[in-house]
Amino acid sequence: MNQNATAASETRIDFGALRALVVDDYPGMRNALRLTLSNFGITKVQLAASASEAIFQIRNKAYDFILCDFNLGEGRDGQQLLEELRHSRLIPLETVFIMVTAESFYEKVVATAELAPDDYLIKPFSAETLCGRLVAILQRKRAFAEAYRHYQAQQVEAAIAACDRLLREQPRYAVDALRFKGELLIALGRFDEAEKLYQQVIAMRAIPWARLGLARALHLKHDDDAAEAELRDVLEHAPEMVAAYDLLADVCLARKDSQSAQEALQHGVAVSARTVRRQQRLGEVAMDNGDLDAARTAFSEAVEKGRHSIFIGPADYGNLCRVQLEQGDLKAVADTLRQNRRTLESNPDGRLVMAVTQSRLYTREGKADDAARALDIAADLRAAGAQGAPHLLLDLASACMANGRADEADAVVADVARNAHDSEALLEKARRIYAEAGREAAGRNVLASATADVRKLNNEGVVLAQKGDFRGATEKLLAACESAPFNPRVSMNAVWVILKYLDQDGMDEQMIQTARYHLAEAERRAPAHPRLAGLRLHLMEVEGRFGIKRASA
Amino acid sequence: MIDDDNAFYAVLIHELKNNLGLLSMTIDRIPPSGGAACDSAVDVARLQCQGVVERLQQALTIYRAKQGHLRARIDAYSPHELIAEVGQRAETLAHGRIRIDVAVDESVPPIWFFDRDLVEMALINAIHNSLVYARSVMRIEAGAGHGWLELTVRDDSAGYPGHILASVAAGAPCRARGTGLGLQFARLIAQAHEHRGRLGELHLANDGGAVFRLRLP
Ligand SMILES: Nc1ncnc2c1ncn2[C@@H]1O[C@H](COP(=O)(O)OP(=O)(O)O)[C@@H](O)[C@H]1O
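These protein sequence lines are chains V and U, in that order. With our numbering, letter number 252 in the first sequence gets 252, and the count goes up by one each step, no holes. With our numbering, letter number 181 in the second sequence gets 181, and the count goes up by one each step, no holes.
Isolated chain U (complex conformation):
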């Protein structure tokens, strides 16, 4: 019975996610009015809407992970394209409020093997956080070396609170909002990537702000 209920809620969440998706597309179509107060309200609405969509997406993904289904679907993708795309999204979401820098290191090969949808979800979650906490700048980076691809989102915020750093480092289980659900989720995504016995990793650090780094084997 409990399983049926869960499946039912999963379907419901699914539908809510799609409805909100439509709402966020509608918000995207609101033309700038020229009035700063109005435009910034629209920006906030857009961010909030996307935030909820993401939360629902995370909930669904975690639900599937619990069913034993969170399997990365690995294929060959271009990290360059990935970074360009999430960079564009960050730019749109920021609406000029903070500066977005994008940097792909020379060392990054033309293709890497990963699950594009999952990795994108993890990065967008980090980008949302930085949009909330950054003072003036966010930087999205890709680098590679020693058989790892590293995707980093860093900002000039006050940095992660200690308990978050500790709980992610300890691999504590997910709980509710504010307790690091989004970051735990990113950790699950990293770990769903396996290659020759090595698992993907999530590294959080404070270095002039928050540093969010996914390492994929």
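Okay, chain V solo, but in the shape it has when bound:
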């Protein structure tokens, strides 16, 4: 009668061999969990009191099972830990990650499936529940072993085939297999198939993740009307689904409705303010909309909540200072710099943020000598290779102009323009800076000549590629990359034609190297760009085809 007893005995789990890590900031809970685990035979248990301790241990040793409390006191929380582990590829798909939360509302903080734990347990939970869930996940992972293996070996087609096999042979895992397959199809850019798959799930039951997947597929197919309709309906039924707000913001931005994008992100932040990246985006969108108050709130939240996150960098402090400056709140700027001095001084990019911000601060305060000194420091840092975010560089240009350094300003603007020849927002901001300095004509010249070369090379390259001349296209685009090394659009085009060239002409290890380099560059500049996933997988397939091992990140 009891099918489960037989099923369990078919796939015995060897608890004694399982290497477990318990992460909890409360010693009483850590020990209680350790004893609970040992009660059903998991004896290889290590303990960590914080996210950084956990990361240290995970770097040194592989674990099969991580049991982590969401709330870890000071520092990163469990979700931030998980996102870092996944982002830095510190845990393979086979590792079980279970989140322990005090809230049955935990799910709302989870952005997407790839950032979700394998399961979550609501405190307090019984030993049987923990054991039952763990066994179920281990069995599921066992069923997915083949799909995972192919995926991690960059054989995405084979991973999809493994999902199809599960769909046919293991009805218990059909929905899980569909979910994984949907993500693979999206990553491969096969949006039509993904759309059908999600429709198929929805026909069984309108589960929120399937509706979200459908909306994502529609958005990537540029059917933004349908995507928006789907998302608005999802949110009406489940207003706590933050991932839907993020996607809605993408959809709104795609149709150039940045006001609605800001509203969507604000809703998302109202449900869950913790996610650093949502705050960063909200700040940027609000800034573009000229909503300084909202931008300031978002940027300070990002810096505050992300104090321990790898997703926070010098640019975030730069953003916060910029909005404070634009509000004329000079005291706040000085405070921000002072409070974060240690962080900023620890690397050249951070020092550049400080120097640029200080030069603007001193300029406002009428301290010309101090401003000049700060600009000298900024110039030295740039000469030594410090890179600034485009907005920071435009700040620098405007400070240069305000201090009578027009040539220096023009060079900086040209640099930004080359690397953002297609970003209307940045070019517009540059024009504004020239207008404020009464140098409109000079500005037009600088921008036109800076973007002309890149635009030309890029367009010629794309045309050649469309004609099928991938070798010629590669030459053009690599030349474009040389003059605009940080231009994500150009980098992605270069990667695309190189891969096409390799598809056509076969193995060229040097070229694979080059593609890898430019892809990494594009990922750094435009981390959420929808083209990236497809390029990444295309590169993996090329590497897989030629049997090249990916250099570990």
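To be clear, the hints were calculated from the coordinates, so they are not data collected in a lab. Careful, some of the hints might be misleading.
[Claimed, not checked] Each computed SDA-like pair below joins lysine to any residue, with the alpha-carbon atoms no more than 25 Å apart:
1) V:Lys-123 with U:Leu-22
2) V:Lys-123 with U:Val-42
3) V:Lys-367 with V:Ala-334
4) V:Lys-305 with U:Val-11
5) V:Lys-123 with U:Ala-45
6) V:Lys-123 with U:Gly-162
7) V:Lys-500 with V:Arg-531
[As the list claims (entries may be wrong)] Interface residues of chain V toward chain U, partial, derived using beta-carbon atoms under 8 Å:
8) Pro-27
9) Gly-28
10) Ala-32
11) Leu-35
12) Thr-36
13) Ala-102
14) Lys-123
15) Pro-124
16) Ser-126
17) Gly-132
18) Arg-172
19) Val-175
20) Ala-203
21) Arg-205
22) Ile-207
23) Ala-238
The beta carbon of each residue, even a glycine, is placed where N, CA and C say it ideally should be.
Go by the hints and put chain U with the ligand onto chain V.
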């Protein structure tokens, strides 16, 4: 102001629930002493502790339902795994005092769509009741048919008192202990499950004992 107060109490209850959770884990770790009197006292303590934890959990869930937040988070789960898990829990809580039978019918598909946490809470509440009232045996069953999944906890107790059957059938509002708060709560959970216009149901009956049945569309 009243809302603030309520939120404050909710947080407080939340904390109490977590503290009690720790206490119940501690109780779980007390090794059997061999002395029957001592062991049965520990068993009672464990049950009572879990009972309070559950009550607090119900209070929080009802609080959220009142705020308009009791939304089922539906996903695909295995009813087989669910029943195996609550069966194990019943076994542990019973400590051999009564017999626990578990039966999953052939008709039950490998996956069903429901909110696992909520359904589990409702079943555990029923299991607690049966542990208190059953004479010698409790049976946890799953069956399916006509687009419904049925999860049943039945026992050989004297059965539900008439006023409880009547008030659950009538859908009367929750009140205090002994007036069926736990069962009303189970009814709320059932109704939070909706599929193609059909709502989940709670059926109570007396048939050789108490029969608690959740029907999920
Ligand atoms: N398995 C059972 N057998 C007999 N009576 C039961 C059983 N379960 C519940 N009852 C009766 O129904 C009442 C309401 O149950 P419930 O709502 O779960 O408890 P509470 O009101 O304490 O939350 C109990 O007080 C008890 O009188």
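Now the hints, each set against the structure:
Distance check on the hinted pair: Lys-123 of chain V and Leu-22 of chain U sit about 9 Å apart at the alpha-carbon level, within 25 Å; holds. The hinted pair formed by Lys-123 of chain V and Val-42 of chain U meets the criterion: a straight-line CA distance of about 22 Å does not exceed 25 Å. Of the pairs offered as hints, the one joining Lys-367 of chain V and Ala-334 of chain V holds, with about 14 Å between alpha carbons and a cut-off of 25 Å not exceeded. Of the supplied pair hints, the one linking Lys-305 of chain V and Val-11 of chain U holds, its CA atoms being roughly 22 Å apart against a limit of 25 Å.
Using a Cα cut-off of 25 Å, the hinted pair Lys-123 of chain V and Ala-45 of chain U holds, with the two alpha carbons roughly 19 Å apart. For the proposed pair Lys-123 of chain V and Gly-162 of chain U, the alpha carbon gap of about 35 Å is over 25 Å, so the pair is violated. Simply put, Lys-500 of chain V and Arg-531 of chain V have alpha-carbon atoms about 15 Å apart, close enough for the 25 Å limit, and the pair holds. Below 8 Å, beta-carbon pairs count as interface contacts, and Pro-27 of chain V has none with chain U, the closest being about 12 Å; its hint is therefore violated.
Checking Gly-28 of chain V against chain U: minimum C-beta separation of about 6 Å stays under 8 Å; hint holds. Of the supplied interface hints, the one on Ala-32 of chain V holds, with its beta-carbon coming within about 5 Å of a beta-carbon of chain U, less than 8 Å. Satisfaction of the interface hint for Leu-35 of chain V is found here, the shortest Cβ-Cβ separation to chain U being roughly 6 Å, below the 8 Å cut-off. With a cut of 8 Å, the hint placing Thr-36 of chain V at the interface with chain U holds, because the nearest CB-to-CB distance is about 7 Å.
Annotation: Ala-102 of chain V was flagged as interfacial toward chain U, and the flag holds, the nearest CB pair being 6 Å apart, inside 8 Å. Hint status for Lys-123 of chain V: holds, given a least beta-carbon distance of 5 Å to chain U, under 8 Å. Below 8 Å, beta-carbon pairs count as interface contacts, and Pro-124 of chain V has one with chain U at about 2 Å; its hint therefore holds. With 8 Å as the threshold, the beta carbon of Ser-126 of chain V comes within range of chain U, its nearest partner Cβ sitting at about 6 Å, so the hint holds.
Contact between Gly-132 of chain V and chain U, as hinted, is supported at the beta carbon level, the nearest pair being about 4 Å apart and thus within 8 Å. The criterion of a C-beta within 8 Å of any C-beta in chain U is met by Arg-172 of chain V, whose closest approach is roughly 4 Å, and the hint holds. Evaluation of the Val-175 of chain V hint against chain U yields a held restraint, the C-beta minimum of about 4 Å falling below 8 Å. For the restraint placing Ala-203 of chain V at the interface with chain U, the shortest Cβ-Cβ distance is roughly 11 Å, beyond the 8 Å limit, so the hint is violated.
Nearest Cβ of chain U to the Cβ of Arg-205 of chain V: about 4 Å, under the 8 Å cut. The hint holds. Annotation: Ile-207 of chain V was flagged as interfacial toward chain U, and the flag holds, the nearest CB pair being 6 Å apart, inside 8 Å. Because the smallest distance between the Cβ of Ala-238 of chain V and any Cβ of chain U comes to about 7 Å, under 8 Å, the interface hint for this residue holds.
Against the hints set out earlier in the document, violations occur for numbers 6, 8, 20.
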